Structure formats: C-alpha cells, structure tokens
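In the order they appear, the protein sequences are chains A and B. Counting with our numbering, you get residues 1 to 247 for the letters of the first sequence. Counting with our numbering, you get residues 1 to 422 for the letters of the second sequence.
Warning: the hint list may mix true and false statements.
Label pairs and their computed distance ranges (CB to CB) [to be verified]: (1) B:12 / A:168: 34 to 40 Å; (2) A:84 / B:389: 26 to 32 Å; (3) A:16 / B:333: 26 to 32 Å; (4) B:18 / A:137: 30 to 36 Å; (5) A:71 / B:399: 30 to 36 Å; (6) A:28 / B:18: 43 to 49 Å; (7) B:159 / A:12: 54 to 60 Å; (8) A:16 / B:310: 57 to 63 Å; (9) B:306 / A:71: 20 to 26 Å.
From chain B, some residues computed to sit far from chain A (all C-beta separations above 12 Å) [stated by the list, open to error]: (10) 4; (11) 250; (12) 334.
Chain A is nowhere near these chain B residues, computed Cβ spacing over 10 Å in every case [unchecked claim]: (13) 14; (14) 18; (15) 73; (16) 118; (17) 180; (18) 255; (19) 260; (20) 263; (21) 275; (22) 332; (23) 362; (24) 365; (25) 371; (26) 400; (27) 414; (28) 420.
Please keep in mind that the hints were generated in silico from the structure rather than gathered at the bench. Every value quoted in this text rests on a predicted model; they were computed, and no experiment measured them. Backbone N, C-alpha and C fix where the C-beta goes; we use that ideal spot for every residue, glycine too.
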Amino acid sequence: MIQITQLSKKYKGAEDYSVHNLDLAIQEKEVFGLLGPNGAGKTTLISMLSSLLKPTSGSFSIDGLTYHKNNAQLKQLIGIVPQEYALYPSLTAYENLHYFGSMYGLKGNSLKENIQQHLETLGLSQFTHKKIANFSGGMKRRINLIASILHKPKVLFLDEPTVGVDVQSKNVIIDYLKQLNTDGTTILYTSHHLNEAEHFCTRVAIIDLGKIVCKGKPAELIAQQKGAKNLEEIFLSQTGKALRDYA
Amino acid sequence: MHKLWASTYKELLLLTRDLGGLAILFLMPLLLVITITTIQDGTFKTLIESKISILLVDKDKGKVSENIQKNLKGSERFEIILKSDEGEAKNLVQTGKYQLAIIIPENLSNDLNLKISENVEGILEKFGAKEENIPLVKSKLKPKEIKLYFDPATQFSFRNSIKSGIDQMVSKIETQTIYKAFQEELTDDPSEEIFDTEPFLTFTEIVPSEAEKEVIPNSTQHNIPAWTLFAIFFIILPLSINMVKEKNQGTLVRLRTNPVSYTTVLGGKTVIFLSVALIQFALMLLVGVYLFPLIGLPKLDVSGKLPLLFFVAFFAGLAAVGLGLLLGTIAKTQEQSAPFGATFVVILAALGGVWVPVFAMPKFMQVLSNISPMNWGLNAFYDVFLRNVALKELLPEIALLFLFFVATTVISIIYNERKNAV
C-alpha cells in the first residue's frame, strides 16, 4: 500500500538529515506505528507522505500513486490527522466538519448524516453546535480526527493523535481507529505512548536520527530481545537513555 | 464550484463570528471620513468665515500704513491688533499666541511718496524733454521692507497664502500711489479723476463641465472618494491577518493536504472581502448623502452616478483584495502583516494623491504615483464624481486595477506553490 524508497529530507541550513535513505513498505490494512524520540524524523516522514514537505531525495508511492502524477487523486485517497488541532476555533464542530468535508467534495444530506454519525460515535453529538474554542483538548482531538476521515480514506496518517488527552478520550480514539482498520483503512501513526502502540499496532518501526533502527511485530520484537518485557525496553535499548532535546 | 461556495461560506462565518472586528471594519472607515471631512471643511470655513487675529506694529503712522490697516481691516480674513513694540509682537508670535505679526517700517509713507514722485517727475520730464540724453532720476532712498513674523508652527501653505495676500495688497497700494502722483502732477483739481484705479484684469474660477450637468466640487466631493479608497485598501489588514491566523492555527496545513486548490481557498476570501469593500463603499455614500447634511457638511452628490461609482469601487476593491492575498500569503506572523499592511496602505495613499495632489508632488514621486493602485482608483473616482466621464473613459484605470488584482493573485498562487511544492 505504501512503498518508500531511499527517502531523505535535509532541512535548509541543517547539518544532518532528518530522514536519511529510508526504505519501508506498509501493507494494506496494517496499523503501522512509527516510534522514536523527539527529533527522530517521525513528523518529517509523515509530512513528506502527506505532501506537506518536499523530499530532498528518494521517492514513495501510496496505492501506486504519487503526488507528481496523481496529486488530487492521492489526496482524496488519504486522510491526515495533524499533530496540531487544525480547526477554526470560532466555528462550531459542525461548521468545521462541514467545511473540511466539503473540501473532499462531500455535500448535501450525506455529508450532514456522515458528520452526525461520527460525532455520535465519538461521543460529541451534544456539542455539535458548540464552538471549538470552548472544547477541551480531548474533544478537539476527536474533532481533529473526524475532520480527516469524513471522506473514508483508504490510508490514514496520524501524527501523535492521542497526545495531551485524558485516558477516556484516548480510549475512544484508539477504539475508533481499530474500528476503521477493521473496516479496511490502512493506518500509519506516530506516538510517544509505547504501551498504546504495543497493543494497537500490527507492526512498528523504531526510528532514530532519521533511520529505522528496528522494525517488526511488537510481540516479535519483545521476544527477540533477551529480558525485554515490553516495547519501552526495546525502545530504550535501541535509542539510548540520553535526553533528546532539540530546537 | 461547490468547494468555492463552501470556502466563501466559511469566510463569511469567520467574519461574522467576530462581531467586534466586523463593527470596526465598517465603523472605523465611516468615522475616518466623517472626521477628515469635518476637519477639512472646518479649516476651509475658518479661513473664509472666521477671522485670524494678527498683530500690527505701525512705525510709519502715515497714509500708507493707514491704507494697509484699512485694507487688512476690510479683509474678511483678519482681525487687527495694534502693538507699539516690535519686540513684544515678535515674542507673542514666537510663543504661538498669534500666528502672524506685520511690522510696517518707519517713514514708509514719506519715502514711498518721495520715491514715486521722483519717478513720476522723471518720466514726465522725459516725455516733455526735447533733447534725447536727459539723465535719469535715480532715488537715493533704500527699499523699504515690511517684516512678517510667523509662528514657527504655522504650515508652509498658510504662510504662502498670507505672504501672497499681503504682497497683493502692497502692490495695489503702490499702484494707487503712483496713479495719485501722476494725477497731482497732471492736474491741480484733486477731484478730477484722470485714472480708473480699479483693476482691469480679474479672474473667474470656472469648472469645466458639460452644460447640462455642471459640477460644483466641495470638500465632501473630494473627501469621500479619497478616504473611501483609503478605507477600501485598509481591508488588506483583516484579510492578511485572517490568512496568517490560518497558518498559525494549522488549518492552512490541513487544507494543503485536502484535494482543494489554493486558488479556490483564495477565491472564497476574495468574494467575502470584496463584498465587505462594497458594503463599506455603500455605507460611505449613505453617510455622504444623508448624514453629512445633518451635521453641517456639504451633501454628496451621487445623482446619476451610482452604477459607475459601484463599478469603480468593485475594481478598486479587487485590487485591494489582491494586495491583501499577496501579503497574507507571504507574511508568516501577524507582527509582519499588520504593521507592514498599515504602513504600506499609507504609503500607497500618499503616492496615490490622497493627501497631496499628484501634480504638486516632486517629479520622481509623480512617476512613482503612476504605479500606485490607489492613484488609479482615485482618478477613476474623481472622473465619475467631479469630471462626469462616461464608462469608456474609465476603462484605462479599471483595466489597471483589474490587472493589479490578477498580478497579485497570480504571484500569491505561484509563491505558495513554489514554497510548498512536493
């Protein structure tokens, strides 16, 4: 479904590559977790796959399509849940969703029903006509997710979709993503919640300094490392314990 | 088309959700045009109707100074306050208590009469002489100087206007004295009027216009187009801030991942902000037509001109929106867009002739004013308001405004594409 070949990104003025000669293949209906410390290159990779960043070199295709040749078609195929809320605070939940749904060509009653259904599923139906500015972080995260899946994308990119939300919201989001995956959506997501990734992902890759340091099924990775009990231990053994502050 | 409609509706919602901002968007331009017109109309009336107090120090105490005083008192512009000491008068002007002091020098009357008499006698002698080489009569008197002390805070144009008025008055007195000297030489009867001393050359101000639609320009007719245009161009501020906010909120990033073109996104903004500009314009006209007469300002005459006025406003609005789109595309923060936008509009207005007419600018600035969209818009408005032109004659300015919109929008789209090319 997603084929990445020798993909690299070096920001203007930067000394090092943020993503360097990265090869990765993600199969259809997978839930693929991209894990790594701060500055590892996760967001850069997702941004390139979302058409927000131009790669320095290398290539990728999604369902056989590339942005060069099939820009509109590809954008219709994917859904992107950005790390920021990316919503209009002065508009209501419904108005935001209606607008972003319209950008995918959705309209009329089907869009209306689509919005209502998603709001209901994610426990937000009573806040349909409330302004986003008054929403809590968890509510905004859920609206942020709905805005990206109204058009039923085949591939969904999520950049830390559960960051800064309460446990209840996190559970609702993860359960809904599992449902989407069951319905056929391929998911690529980044997260710092290793426990969440361990249980949610079918496969994960640990990325550090722009390169994949290990990848596989969570259970297999844990089994391969002697004495490791969970994904966090694998993660620390691969990336070290040094702080990764950067600016 | 559906995406354009959705984008337009979203812009409308964003605009109407900020009621304070919306009120400012419509009320501030109205306040601006009312304030400016009241001040300018008031200044005009002050100069014509109310008198300016000026100090006069008469060291001459003769016929000429009496004549100057009489002329000044006869003028509708001045109220004369006599002072005996030049130093005191100078001090009062310097401290800003009075704007002007006139110092009439000693022996002005005597010396002027003597000088003119000498000249007149010399001329008459020359006419009556039989021989060709008669030595010319040369006065040994030094030229007299009327001193004018101006308050340093007075504007250059005010000083020029006063100097020109006094110069005119002194010339008239001098001419009358010459006539009088000739009369005294030529006749012994003072009641006999040999010369008609009234000016032969006068001037009348005529506004060129077609007979059936004569236009008498007033401060409203000048101010409404100029300041309306200024207000219309100020729309680049809320528009660019709106776009910068989208970048900061992350909504523009989301839109870039959606299957929608940047042209469509800009299209929605264009429709809404152009509508705002047209509503602003309509409100300005309503104020000029209905409110101005109620507050003692000249009424705006829009009879028979509304379609052309809205035609010009539409294209001026487009040009302003284009500039706002470009600024919003390039600016990264509100700290960049707001001060730049505000200052740039003021520069464009200055170049466009909103404050100082283009013909009165230095040559270089006149050339620069040709590339200011506000200059094209202002000319188009003056064409309709004051020159009563037809649509055909407006087309060059309209074409320039439209091309400016197209150019700025295309640059915005190309800039965005280059910056975000994948």
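Verification of the hints:
Between residue 12 (chain B) and residue 168 (chain A) the Cβ separation comes to about 36 Å, which falls inside the hinted range of 34 to 40 Å. Checked against the given bound of 26 to 32 Å, the beta carbons of residue 84 (chain A) and residue 389 (chain B), roughly 52 Å apart, lie outside it. The beta-carbon spacing between residue 16 (chain A) and residue 333 (chain B), approximately 27 Å, falls within the hinted interval of 26 to 32 Å. Checked against the given bound of 30 to 36 Å, the beta carbons of residue 18 (chain B) and residue 137 (chain A), roughly 24 Å apart, lie outside it.
Taken as a hint, the range 30 to 36 Å holds for the pair residue 71 (chain A) and residue 399 (chain B), whose Cβ atoms sit roughly 34 Å apart. A C-beta distance of roughly 45 Å is found between residue 28 (chain A) and residue 18 (chain B), which places it inside the suggested range of 43 to 49 Å. Checking the proposed 54 to 60 Å range against residue 159 (chain B) and residue 12 (chain A) shows it holds: the Cβ atoms sit about 57 Å from each other. As the Cβ distance of residue 16 (chain A) to residue 310 (chain B) is approximately 59 Å, the hint placing it in 57 to 63 Å holds.
Taking 20 to 26 Å as the suggested C-beta distance range, the pair residue 306 (chain B) and residue 71 (chain A) does not conform, at roughly 45 Å. A beta-carbon of chain A is positioned within 12 Å of the beta-carbon of residue 4 (chain B); the least distance is around 10 Å. A Cβ of chain A approaches the Cβ of residue 250 (chain B) within 12 Å, the least distance being about 3 Å, so the stated non-interface status is violated. The claim that residue 334 (chain B) lies off the interface holds: its Cβ sits roughly 15 Å from the closest Cβ of chain A, which is beyond the 12 Å cut-off.
Distance check on residue 14 (chain B): its Cβ comes as close as 6 Å (rounded) to a Cβ of chain A, failing to clear the 10 Å threshold; non-interface status is violated. The non-interface label for residue 18 (chain B) is inconsistent with chain A: the shortest C-beta to C-beta separation is roughly 7 Å, within 10 Å. At roughly 65 Å, the least C-beta separation between residue 73 (chain B) and chain A is larger than 10 Å, which holds for a residue marked as non-interface. For residue 118 (chain B), the shortest C-beta to C-beta distance to chain A comes to about 86 Å, beyond the 10 Å cut-off, and the non-interface label holds.
Every C-beta of chain A lies more than 10 Å from that of residue 180 (chain B), the closest at about 81 Å, which supports listing it as non-interface. Taking the minimum C-beta to C-beta distance to chain A, about 7 Å, the non-interface status of residue 255 (chain B) is violated against the 10 Å cut. Not every beta carbon of chain A lies more than 10 Å from that of residue 260 (chain B), the smallest distance being close to 4 Å; the non-interface claim is violated. The claim that residue 263 (chain B) lies off the interface holds: its Cβ sits roughly 13 Å from the closest Cβ of chain A, which is beyond the 10 Å cut-off.
The Cβ of residue 275 (chain B) lies farther than 10 Å from every Cβ of chain A, with a closest approach of about 19 Å, so its non-interface assignment holds. No Cβ of chain A approaches the Cβ of residue 332 (chain B) within 10 Å, the least distance being about 15 Å, so the stated non-interface status holds. The non-interface label for residue 362 (chain B) is consistent with chain A: the shortest C-beta to C-beta separation is roughly 42 Å, beyond 10 Å. Once the 10 Å rule is applied to beta carbons, residue 365 (chain B) is consistent with being away from chain A; the minimum gap is 39 Å.
For residue 371 (chain B), the condition that its CB be more than 10 Å from all CB atoms of chain A holds, with the nearest at approximately 33 Å. Its beta-carbon lying about 34 Å from the closest one in chain A, residue 400 (chain B) satisfies the requirement of being farther than 10 Å from that chain. At roughly 16 Å, the least C-beta separation between residue 414 (chain B) and chain A is larger than 10 Å, which holds for a residue marked as non-interface. Some Cβ of chain A comes within 10 Å of the Cβ of residue 420 (chain B); the nearest lies about 7 Å off, and the non-interface call is violated.
Consistency note: the structure conflicts with the earlier hints numbered 2, 4, 9, 10, 11, 13, 14, 18, 19 and 28.
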